[in-house]
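Asks: Listed below are the residues making up each chain.
Protein chains: 4
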Amino acid sequence: MGKIRSDIAWSTVDRIVVRGKSFPDEILGKMNLGDFSWLQLTGTVPTPQQSNVFNAIIVALVEHGVTPSVIVARMTYACAPESLQAAVAAGLCGLGSNVVGSMEGAARYLSEALPKDAPADADLDALAQQIVARFRQSKSPIPGIGHAIHKSGDPRTPRLFAIAEENGYAGRYVQLLQRVHAEAQRASGKSMPINATGAIGAISCELGFSWKITRGFGVMARAIGLVGHILEETENPMSGEVWSRTEHESSSHLRPGVVAS
Amino acid sequence: MGKIRSDIAWSTVDRIVVRGKSFPDEILGKMNLGDFSWLQLTGTVPTPQQSNVFNAIIVALVEHGVTPSVIVARMTYACAPESLQAAVAAGLCGLGSNVVGSMEGAARYLSEALPKDAPADADLDALAQQIVARFRQSKSPIPGIGHAIHKSGDPRTPRLFAIAEENGYAGRYVQLLQRVHAEAQRASGKSMPINATGAIGAISCELGFSWKITRGFGVMARAIGLVGHILEETENPMSGEVWSRTEHESSSHLRPGVVAS
Amino acid sequence: MGKIRSDIAWSTVDRIVVRGKSFPDEILGKMNLGDFSWLQLTGTVPTPQQSNVFNAIIVALVEHGVTPSVIVARMTYACAPESLQAAVAAGLCGLGSNVVGSMEGAARYLSEALPKDAPADADLDALAQQIVARFRQSKSPIPGIGHAIHKSGDPRTPRLFAIAEENGYAGRYVQLLQRVHAEAQRASGKSMPINATGAIGAISCELGFSWKITRGFGVMARAIGLVGHILEETENPMSGEVWSRTEHESSSHLRPGVVAS
Amino acid sequence: MGKIRSDIAWSTVDRIVVRGKSFPDEILGKMNLGDFSWLQLTGTVPTPQQSNVFNAIIVALVEHGVTPSVIVARMTYACAPESLQAAVAAGLCGLGSNVVGSMEGAARYLSEALPKDAPADADLDALAQQIVARFRQSKSPIPGIGHAIHKSGDPRTPRLFAIAEENGYAGRYVQLLQRVHAEAQRASGKSMPINATGAIGAISCELGFSWKITRGFGVMARAIGLVGHILEETENPMSGEVWSRTEHESSSHLRPGVVAS
Chain A
10 MGKIRSDIAW STVDRIVVRG KSFPDEILGK MNLGDFSWLQ LTGTVPTPQQ
60 SNVFNAIIVA LVEHGVTPSV IVARMTYACA PESLQAAVAA GLCGLGSNVV
110 GSMEGAARYL SEALPKDAPA DADLDALAQQ IVARFRQSKS PIPGIGHAIH
160 KSGDPRTPRL FAIAEENGYA GRYVQLLQRV HAEAQRASGK SMPINATGAI
210 GAISCELGFS WKITRGFGVM ARAIGLVGHI LEETENPMSG EVWSRTEHES
260 SSHLRPGVVA S
Chain B
10 MGKIRSDIAW STVDRIVVRG KSFPDEILGK MNLGDFSWLQ LTGTVPTPQQ
60 SNVFNAIIVA LVEHGVTPSV IVARMTYACA PESLQAAVAA GLCGLGSNVV
110 GSMEGAARYL SEALPKDAPA DADLDALAQQ IVARFRQSKS PIPGIGHAIH
160 KSGDPRTPRL FAIAEENGYA GRYVQLLQRV HAEAQRASGK SMPINATGAI
210 GAISCELGFS WKITRGFGVM ARAIGLVGHI LEETENPMSG EVWSRTEHES
260 SSHLRPGVVA S
Chain C
10 MGKIRSDIAW STVDRIVVRG KSFPDEILGK MNLGDFSWLQ LTGTVPTPQQ
60 SNVFNAIIVA LVEHGVTPSV IVARMTYACA PESLQAAVAA GLCGLGSNVV
110 GSMEGAARYL SEALPKDAPA DADLDALAQQ IVARFRQSKS PIPGIGHAIH
160 KSGDPRTPRL FAIAEENGYA GRYVQLLQRV HAEAQRASGK SMPINATGAI
210 GAISCELGFS WKITRGFGVM ARAIGLVGHI LEETENPMSG EVWSRTEHES
260 SSHLRPGVVA S
Chain D
10 MGKIRSDIAW STVDRIVVRG KSFPDEILGK MNLGDFSWLQ LTGTVPTPQQ
60 SNVFNAIIVA LVEHGVTPSV IVARMTYACA PESLQAAVAA GLCGLGSNVV
110 GSMEGAARYL SEALPKDAPA DADLDALAQQ IVARFRQSKS PIPGIGHAIH
160 KSGDPRTPRL FAIAEENGYA GRYVQLLQRV HAEAQRASGK SMPINATGAI
210 GAISCELGFS WKITRGFGVM ARAIGLVGHI LEETENPMSG EVWSRTEHES
260 SSHLRPGVVA S
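Residue numbers (my numbering), protein chains in the order written: chain A, 10 to 270; chain B, 10 to 270; chain C, 10 to 270; chain D, 10 to 270.
If you're looking for bench data, these hints aren't it; they were derived computationally from the structure. There could be a bad hint or two in this list.
Pairs involving identical chains hold if they fit within one copy or between any two copies, as the list cannot separate such chains.
[To be verified] Simulated crosslink set (SDA-like; lysine to any residue; CA at most 25 Å straight-line):
| no. | residue 1 | residue 2 |
| --- | --- | --- |
| 1 | 125 | 162 |
| 2 | 12 | 245 |
| 3 | 30 | 188 |
| 4 | 30 | 253 |
| 5 | 160 | 22 |
| 6 | 39 | 159 |
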């Protein structure tokens with residue numbers, strides 16, 4: 010028979026221990042939400058530098074405007090206000106390959122190109138050329154490069170890199186992403202920015218996270234963002250209007266007496 | 010035609026503004042995750058006292074051991090590892106009336122008994138008696154009172170109240186919950202603790218939040234906790250074992266040649 | 010230690026048995042989807058009459074136009090096309106109190122007024138008056154009565170009642186709903202139809218189902234409807250357009266240089 | 010501005026039309042659930058042969074025992090019984106690559122090998138060799154081939170092929186899957202069955218469905234199965250027991266005074 014085992018937490022009648030620390034005495038009131046998230050994920054207390062960088066990358070993922078996830082969560086809440094949790098869940102379901110996949114994709118090619126035991130003198134330019142060539146060959150966009158709105162530069166990217174730099178976390182993964190960016194512009198002949206999710210993917214590698222969990226950063230951050238939007242929906246709803254306009258327009262070409270647009 | 014309007018964020022080709030602040034310049038690297046969550050929810054920057062109390066109540070909701078939500082998220086991830094977001098979503102779906110409902114229930118009866126315009130000399134003992142009488146009459150448990158494991162005292166509760174007190178947020182809602190607790194013990198003749206979700210419900214009222222959004226605190230916090238468990242599942246899986254044992258035992262009484270237990 | 014036991018199905022290396030029947034030999038190719046759904050839910054093979062009525066009420070719940078659930082599922086699919094299952098799941102999350110709750114609510118008050126051991130001469134008019142009075146006192150709408158669009162009559166209702174009647178399932182629950190309808194119109198002085206979900210709630214009681222599971226009829230039916238809409242979204246997408254219009258309008262009052270509407 | 014348009018249904022004050030048919034007059038009471046599902050998906054009324062085959066493949070996907078999806082749905086329901094819809098949604102979230110992905114994968118390689126305009130004399134043996142070689146090269150299992158329990162033959166497969174054959178839907182896709190099966194056994198030197206989801210994938214191609222929607226068949230069918238399990242959970246619960254055993258065992262190695270196993 011296999012094992013059923015978790016090393017994260019345990020409790021008894023009078024104790025609660027998380028990651029080896031007394032939760033009431035050593036965590037509650039002593040760690041902020043970002044730092045405790047790091048502890049929950051890694052089992053270690055972040056250094057001040059890790060705290061600065063990790064809080065920044067998670068904060069960067071909380072609020073991205075009225076995205077499909079936001080519309081989905083607000084609409085679901087309006088239909089089932091007794092289940093706020095299901096409205097957030099519905100919103101999170103859309104954080105797939107076309108959304109947070111970019112962060113994961115960048116973290117993946119960076120960490121596969123530079124595994125933890127990569128030689129100190131790895132040729133970043135050669136690696137960047139290989140990465141760009143591979144994506145161009147399969148005619149896929151390069152995760153982390155380009156942005157639909159911030160075409161001339163994602164304003165979060167230089168800030169994220171500066172925060173990483175100030176805290177000693179702008180190493181080879183950040184450099185490799187910058188080489189990928191340069192090579193992608195050279196090969197395509199187009200100007201494109203490094204986007205924020207690309208920067209976060211690189212910084213996640215710097216912090217030692219596996220690319221497999223980076224999508225989770227987007228999920229946990231966006232859960233916070235969605236709760237904010239649901240709170241606004243309770244005060245200033247938009248979902249009924251989105252619904253009625255969409256419903257009306259979508260079938261107007263079928264309804265008798267209506268001239269199709 | 011109705012309005013479709015959100016006041017949370019906007020962006021242009023070179024700017025991103027959240028809650029009226031330049032996201033790259035005023036938020037990124039300058040606010041931790043808990044403080045930015047407050048800004049996302051309320052539109053204001055928390056005071057140091059609000060930050061201390063808010064970070065503590067959200068931290069208190071992140072990790073509650075191997076709950077049904079955790080088992081659900083880990084199992085879902087094992088079946089659909091390409092959709093980490095859907096695994097978290099599945100886990101969140103169970104944060105209903107029997108789980109986070111307790112926090113919401115406590116915040117609701119406290120805020121309904123003491124609306125924002127309640128007179129300064131409201132009789133807390135009388136209100137507590139009414140609240141307890143109402144739940145006892147409908148034979149419902151009183152949200153925020155009692156705990157299945159921490160029978161002689163939830164170790165988080167005194168810490169949460171102390172943090173609230175130190176920061177000036179242990180006012181009438183906390184006092185009313187304590188009176189409800191005393192009255193519940195008197196009326197039932199049983200010793201029961203104030204549980205952590207009850208304390209958080211009261212403190213949420215102190216911070217000015219509507220009871221309608223308190224469930225969201227549990228949802229956003231638990232999303233973080235679930236990502237931690239999914240990360241552990243990638244390294245040290247339990248869900249296959251839970252599945253195979255459950256499947257085997259559940260139908261063993263039906264299978265021929267097996268003596269039913 | 011408690012029991013972990015399910016009586017629905019079992020399998021061995023060469024057999025699969027569902028509800029006591031050999032799945033390959035007695036079910037596959039011999040029962041249609043509606044009849045097998047009945048077997049899955051009740052453990053019995055439906056009579057032809059039960060089959061007619063049950064298929065009709067589930068069919069009635071599959072497709073209700075471009076509802077919020079549909080918009081949610083289509084948007085989620087567009088963001089995470091690799092997770093069609095999560096798109097359907099997101100759509101189902103909104104089938105709450107404001108949607109399928111009406112069917113459940115009607116089934117509940119009908120079955121509570123006429124429990125299985127109710128006397129044969131129960132006074133349906135008196136029961137109807139009590140039901141209507143109770144909802145009017147709490148200023149709640151009466152589940153099953155009224156419709157936002159089909160104000161002068163829901164065209165599905167007479168058909169559903171006729172199908173129930175033809176098959177011997179238009180008994181006291183249907184009659185009681187009709188009395189509730191008459192009394193609701195009398196008491197309010199307004200003309201309102203019995204809506205389709207109300208009729209389905211009553212017919213579910215006739216078929217012997219608990220009100221607690223009626224919401225599940227809506228959920229399983231709508232899952233089918235949502236797959237149809239997702240298929241259309243792959244061929245003729247609308248979700249990108251709904252998103253971009255909503256995003257643009259929602260923040261236009263905040264963006265500089267834009268005159269707020 | 011783009012279009013927002015759906016061709017599935019429309020309604021007015023007194024009419025409801027689905028796929029061009031009067032819903033009350035032409036569908037309700039005249040089509041069973043499986044046939045109406047076909048209409049919802051394809052826009053056409055199925056022939057008797059299509060009805061037989063389609064009902065069989067959907068029925069085959071409803072109930073697969075106590076799967077992870079079932080455990081997830083039952084646990085979620087126990088935590089949030091007021092949101093049956095979210096419990097089904099949570100269960101569906103796990104129908105990913107490791108579950109229904111097999112049906113989709115088989116439909117995909119079959120339809121890509123034999124596109125609709127494939128020549129009548131396409132060499133099925135050569136195609137089968139290419140398919141098997143490709144999967145073996147990437148060391149991936151071949152979707153549709155092999156079964157963890159039914160090692161010597163999935164008892165549903167011959168029945169599904171027989172139903173397809175009897176109704177004129179056992180054409181080149183079924184034949185190609187059978188050649189893939191033969192080649193897979195030859196190349197690996199192992200005996201393995203064609204599993205039911207593989208057979209369904211092939212039959213879906215015969216019926217003209219795109220591989221992209223086959224996963225949806227599993228999703229809509231399993232929604233029905235999950236409602237059946239939730240109904241059983243209301244009567245004969247298992248989820249509390251699964252939870253308490255899992256929670257206890259998972260942290261027993263951490264708790265003081267407990268000798269780790």
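Asks: As a check of your reading, is residue 125 near residue 162 (CA-CA no more than 25 Å) within one copy, between copies, both or neither?
Replies: For residue 125 and residue 162, the Cα distance exceeds 25 Å both inside one copy (30 Å) and across copies (45 Å).
Asks: Have a look at residue 160 and residue 22 and pick one of within, between, both or neither, based on CA distance no larger than 25 Å.
Replies: between (56 Å within a copy, 7 Å between copies)
Asks: Are the CA atoms of residue 12 and residue 245 at most 25 Å apart within a copy, between copies, both, or neither?
Replies: between (49 Å within a copy, 9 Å between copies)
Asks: Since the copies are identical, ignore which copy is meant and state whether residue 39 and residue 159 lie within 25 Å (CA to CA) inside a copy, between copies, both or neither.
Replies: between (38 Å within a copy, 22 Å between copies)
Asks: Using 25 Å as the alpha-carbon threshold, which applies to residue 30 and residue 188: within, between, both, or neither?
Replies: Neither way: residue 30 and residue 188 sit 42 Å apart in one copy and 32 Å across, limit 25 Å.
Asks: State whether the alpha carbon distance between residue 30 and residue 253 is at most 25 Å within one copy, between copies, both, or neither.
Replies: between (52 Å within a copy, 23 Å between copies)
Of the numbered hints listed earlier, those contradicted by the structure are 1, 3.
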